[in-house]
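Colleague: Since the structure of chain A is already known, use the hints to place chains B, C, D and E on it.
In order, the protein sequences belong to chains A, B, C, D and E.
Heads up: take any position in the first sequence, counting from 1, add 89, and you land on this note's numbering.
Heads up: take any position in the second sequence, counting from 1, add 89, and you land on this note's numbering.
Heads up: take any position in the third sequence, counting from 1, add 89, and you land on this note's numbering.
Heads up: take any position in the fourth sequence, counting from 1, add 89, and you land on this note's numbering.
Heads up: take any position in the fifth sequence, counting from 1, add 89, and you land on this note's numbering.
You can trust all of the hints, since none of them are fake.
EDC-like mimics (lysine to aspartate or glutamate), calculated; alpha carbons at most 16 Å apart, straight line:
1) K161/D to E290/D
2) K277/D to E253/E
3) K277/B to E253/C
4) K202/C to E185/C
5) K277/E to E326/A
6) K277/D to E330/E
No lab work stands behind these hints, which were simulated from the structure alone.
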Amino acid sequence: MLITLTGYDPVGAWTKSAADTKEIASWKNPSGNTWISVEGLDNPDEINKLAEFFNIHPLTVEDILDITQRPKVEEFNHYLFITLKDVDFSEELGLEQISIIITKDTVLSFQNKPNDHFDGIKKRIMNNAGRLRQAGADFLAYAIMDSIIDEYFTIIDSFGSQIEVFEDRALDEKDNSFIQDLQELKRKLLKMRRVVWPMRESLSLLIHLDSEHLSDKLNPFLKDLYDHIIRAAETVETYRELIAGIMEINLSAASNRLNKVMKVLTIISTIFIPLTFIAGVYGMNFSNMPELDQPLAYFIVLGVMAIIALGMILFFKRRKWI
Amino acid sequence: MLITLTGYDPVGAWTKSAADTKEIASWKNPSGNTWISVEGLDNPDEINKLAEFFNIHPLTVEDILDITQRPKVEEFNHYLFITLKDVDFSEELGLEQISIIITKDTVLSFQNKPNDHFDGIKKRIMNNAGRLRQAGADFLAYAIMDSIIDEYFTIIDSFGSQIEVFEDRALDEKDNSFIQDLQELKRKLLKMRRVVWPMRESLSLLIHLDSEHLSDKLNPFLKDLYDHIIRAAETVETYRELIAGIMEINLSAASNRLNKVMKVLTIISTIFIPLTFIAGVYGMNFSNMPELDQPLAYFIVLGVMAIIALGMILFFKRRKWI
Amino acid sequence: MLITLTGYDPVGAWTKSAADTKEIASWKNPSGNTWISVEGLDNPDEINKLAEFFNIHPLTVEDILDITQRPKVEEFNHYLFITLKDVDFSEELGLEQISIIITKDTVLSFQNKPNDHFDGIKKRIMNNAGRLRQAGADFLAYAIMDSIIDEYFTIIDSFGSQIEVFEDRALDEKDNSFIQDLQELKRKLLKMRRVVWPMRESLSLLIHLDSEHLSDKLNPFLKDLYDHIIRAAETVETYRELIAGIMEINLSAASNRLNKVMKVLTIISTIFIPLTFIAGVYGMNFSNMPELDQPLAYFIVLGVMAIIALGMILFFKRRKWI
Amino acid sequence: MLITLTGYDPVGAWTKSAADTKEIASWKNPSGNTWISVEGLDNPDEINKLAEFFNIHPLTVEDILDITQRPKVEEFNHYLFITLKDVDFSEELGLEQISIIITKDTVLSFQNKPNDHFDGIKKRIMNNAGRLRQAGADFLAYAIMDSIIDEYFTIIDSFGSQIEVFEDRALDEKDNSFIQDLQELKRKLLKMRRVVWPMRESLSLLIHLDSEHLSDKLNPFLKDLYDHIIRAAETVETYRELIAGIMEINLSAASNRLNKVMKVLTIISTIFIPLTFIAGVYGMNFSNMPELDQPLAYFIVLGVMAIIALGMILFFKRRKWI
Amino acid sequence: MLITLTGYDPVGAWTKSAADTKEIASWKNPSGNTWISVEGLDNPDEINKLAEFFNIHPLTVEDILDITQRPKVEEFNHYLFITLKDVDFSEELGLEQISIIITKDTVLSFQNKPNDHFDGIKKRIMNNAGRLRQAGADFLAYAIMDSIIDEYFTIIDSFGSQIEVFEDRALDEKDNSFIQDLQELKRKLLKMRRVVWPMRESLSLLIHLDSEHLSDKLNPFLKDLYDHIIRAAETVETYRELIAGIMEINLSAASNRLNKVMKVLTIISTIFIPLTFIAGVYGMNFSNMPELDQPLAYFIVLGVMAIIALGMILFFKRRKWI
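Here chain A stands alone, though its shape is the one from the complex (with noise of 0.2 Å):
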């Protein structure tokens, strides 16, 4: 569990480090805002002592430890509680659950495992870049959410990159590997779809939300924010789509293929298996078989067998299957 301590004001910023809440009193920035960024949550003691310092309700500390929530948005008297979902850029495309509280002058932020999405917003504070320093605790919460969405962008241009790939193969590929590969891809849609979501009704209630803890000035960036989402969450499901499409190409052109298959197989089979049954005819043993003395007889037959074959190929071009 690490503890990390941003506090800023437009003059100044600082940043220190902590490892348990034994000095929390002291944290709080007089004269601007203080983010609160925990990163582990295998000490549920800690957290209680800093939610009964911040009076954060239970549910919410329940919340917080429990990393399955869903992405939700939860005002309380004292603080405005946010719960989404950062995406790791991963094979298995990894969530970590973000949850934030926001209050007047402090923004504390949960995660279980550290990473680095958020050093830029801390740089930004330190170098005093963008307005972050000039604005309230609302707006630090917004950078937040921000950095975590324009993740979700990459996820799902990489997703989009991908499916180019399955285009280009579809025609081709014959390897059961490929739908499975597919099916793959389209779980984790579904799975970045769970997280897209939830965050569109979060951001639209936080949009129509009239609290305390969000300023007026905070409205057009969140409505910006909403505008990504659902852009996210159109991409996601146009996705959806063309690998549908992905899928009947395969499947046409696996069709297509045994069509082929079959009719090289029926003109080949056409053509000689009647032709094989003259030529058995004349080979049998009886004794009394009088074509076979005649001495051009041979040579009639060859030609019979040619003109069936003959027969047989303007048969089979006739119905364009040569």
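Modeller: Quick look at chains B, C, D and E alone, frame taken from chain A:
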């Protein structure tokens, strides 16, 4: 029919059993809350007496006795009526209807068959664990619903592991029973869905119901429950899509297998049928077949056969069949 | 055309029949409610006279006479008009339109063909069973609707058992008529759906309608009816999904069967076609075929043939075809 | 361009034609209502003059002249504008746009090509049949819409009979054109749907529009129309599902036929290919083949062949292929 | 970066170009409206100066510069911001983002690449055609949106003709590329849909927005635009269904072709394989085969073969295979 009475207040708790409603007048807990848990619904007379004592509407009694009810919430003057489904983790996904009546200081719960799903709540009351003893009757009803919905997740998780097993088998399974088992799972999922979806509406109604039987303090807990049920509903939907995907993988694998079988058949037939025809020709017994007497004819014919076979193999190679 | 009059009040009840509206002025029950049940709609004049007497809007009369109406509820100044479908449990799922007009103290019901679906209600009135005699005209209308909707469940349950039969046959049935029968059931289900769905809206409207023709006491009963119809609608939807699943099982089983047939064909052909070719070669009649005169050649060839056959079998074993 | 004027009041009615708008000032019917029916829209100047006289908004004129408009209702200060599609019962499902303008005492209707769909209304006005002469201009507009929507049902019924024919052919039809014809019907159905659905919204809007151009008395009639259009829309949806079902029957029947063809091929091949191989072995010309000289060998071989054939037949019987 | 200034009032109009914002203070048209059209967004500094001058929110500037925005409408205190997609009728369906800012007397439009889509509007202003010169800045913005949405119909119509071509080829096309091209068209349709659908919401918002920047007179025009976009959206949906239908025709035709190929193979094989077997039997070299020496045996065997062949043909006739 077994009636279990549990009385409690912040100071103490007691529990006793009854087989009928004769002493019903003495059941009320003057200083606290009472939980009257009825197991076994095959004695409508006793249920009616109970209902009369608590001034329950005849339609509510009908709903309690008809165990095929759809989950719902209904507000009456004197009480709040909630009916929902307890799910049994058995082969056949057994459903047990739980009906809950919330009055000012009493919770009545009705179920047909006894089970141990609510033993944990009883223990928590007796041992004064959690906040049950401190809270009102509405919180007890919440605890009952919470324990039921927790059970849903056990079931849904078991569906999840079954789906994973199906996914692993999807490519190689050729047996008809695979699809049938998958459809069976889908049917259970549909059943589960009909349990979960109406709960969504019920909980949404409970949250927005401005009832005197639900204290404001309960609202965050109901919202929490609502989030859980939404998550359950979304998982069920995702599983349906995964099942459809497994079906597609299985069908596509079957079609690929057919393709491969046909290719082997076609390659063998196409190579040997013409060669057999040639052998047949020189097996004919015509008296005048000049080739037969050429000393090298046999070897020339064998060579021609080899060339034809090689040609065929090259043709298949070019078509990427082998 | 048969008009059945049933008058009742908490004290007593009488019933009589009429074939026309001549004595209509004497039909009203001064102290209680009257149920005027009209069976047979082929005499518009009489219906019009009835409508005139009760001050019914011409459009309502049109709706009563046009028996292809969609179920609906309409409120007029003097009365409430409800039209719904009675379902007949026959081969063809016959629909009978029931129109109900509720005035302050009179219920008029109209249907085209006589049937015995409402005999139970008549008996309950005559025998003073249930609360019909004590309640107002609106409760009678509710009882009629209730008995119709109960009938829906009989039909839907019969669909359920048919679906189970189809499920059992799905794997083994190879006949085309299977799919056709299944589609026939689906068509009936669609028909049933068009009966049930509009009832949802109608009942929701009735519940929220603040009409003077519906007493407040009726509301829980209407809500109960609404729950029933929702359950019916959900069951119909589930059945549609089950039918789609049965179709999938059947198609997949057919495809598996084809796969197995093809495998048998391929195995037999692939083993014997090369062997037959070899036999054909040594059946040729060339004068110079040195192998033919080797004393052990025949047995060597038989051995080679056995080795080829075994090789093929091993190949198939490795591919898990046999 | 043909302008037909029909003036009427409860006392009398007259009709006359005009080819242009020169005498427009004299068209108004001082004591009653006037219906100005314009057929032919290729003379925008005259339409503009008409619009100017009645104070019509330029956008309404544009909508009248653009005959690809989507059905809609728009309220302006001086009038109500309705545009909808008249359907022609022809091979190609021709659509004719009808635009209706309702003012206090005048109805203007516009259409591009003349047809006889509204002759019935004209007759009813002239003969004082029905309530047209007694009612206001809004009722005339209703009558026009009613006659158009009645036409929809003719079309939809014809779709219904076509679907029945397709259903009867679904099992046996092997021709590609079957699917193509079915898709053609589906396309017409989609076209019809785009005619019917917007009418739903339009009529719903008309019912809830509190316009001075629609008297309260018209409301039941509009509701009736709304019920009709809902019924039409639902029928169209049901037909789409039926068409999907027919497709499934046809595909499944084709797949069953293929299965049967393959079985015949497999049975014949599997029985005779091994027998032919045996015959081939004993047709080889090796000098040392001891069996050939056994006097009973031929009959033993024939017997072995018969046993193999019987074994195969038993194998197929056990697999239920024959 | 090219800035085109167009000033106009009912009396006159002028136009001039600028490459930067140095003289921005002189751009306003004191007595009328000004259209500032910016082409080329690669110079954010200049855009920022422009934004500063017109008091534009930084987020709006971000939206203008990020050309992957989703179409939307946003109202700010000083202006109304609209962003939408111009569609390019090219192979790849290029999208150009057009951002429009409406203030009291100025319209600013931004786009990245120059094109001639708005030349018509400029001409109409200069030549005083239509009502542009008489109307306010909002009407100019409407005219720009109108010309963009008109372009949508050109694209959608071209999709329509492509679909017709696909429909004609659906039955006979055997090439894999057919399905791939169809999927490509579907992908373009999905892209178009993501352009059209958000416009629906935007226009609906504009109609119901009670903004001071939109005069009441504009409302009918916006409603008209809304109807157009609804029509476009519905056409796109219909096209998606048609594409699914074409896919079905193509697959069904392929399956029918396979059926026919298999039948030919089966008929030929089934007739000749048994005959070949018989010929093989009498080609065996057993020393004791009594039939061989019967003088008529050969002709009897030929007769038997003919009878078997005829029997087979009759069998196929009865099964309606030939």
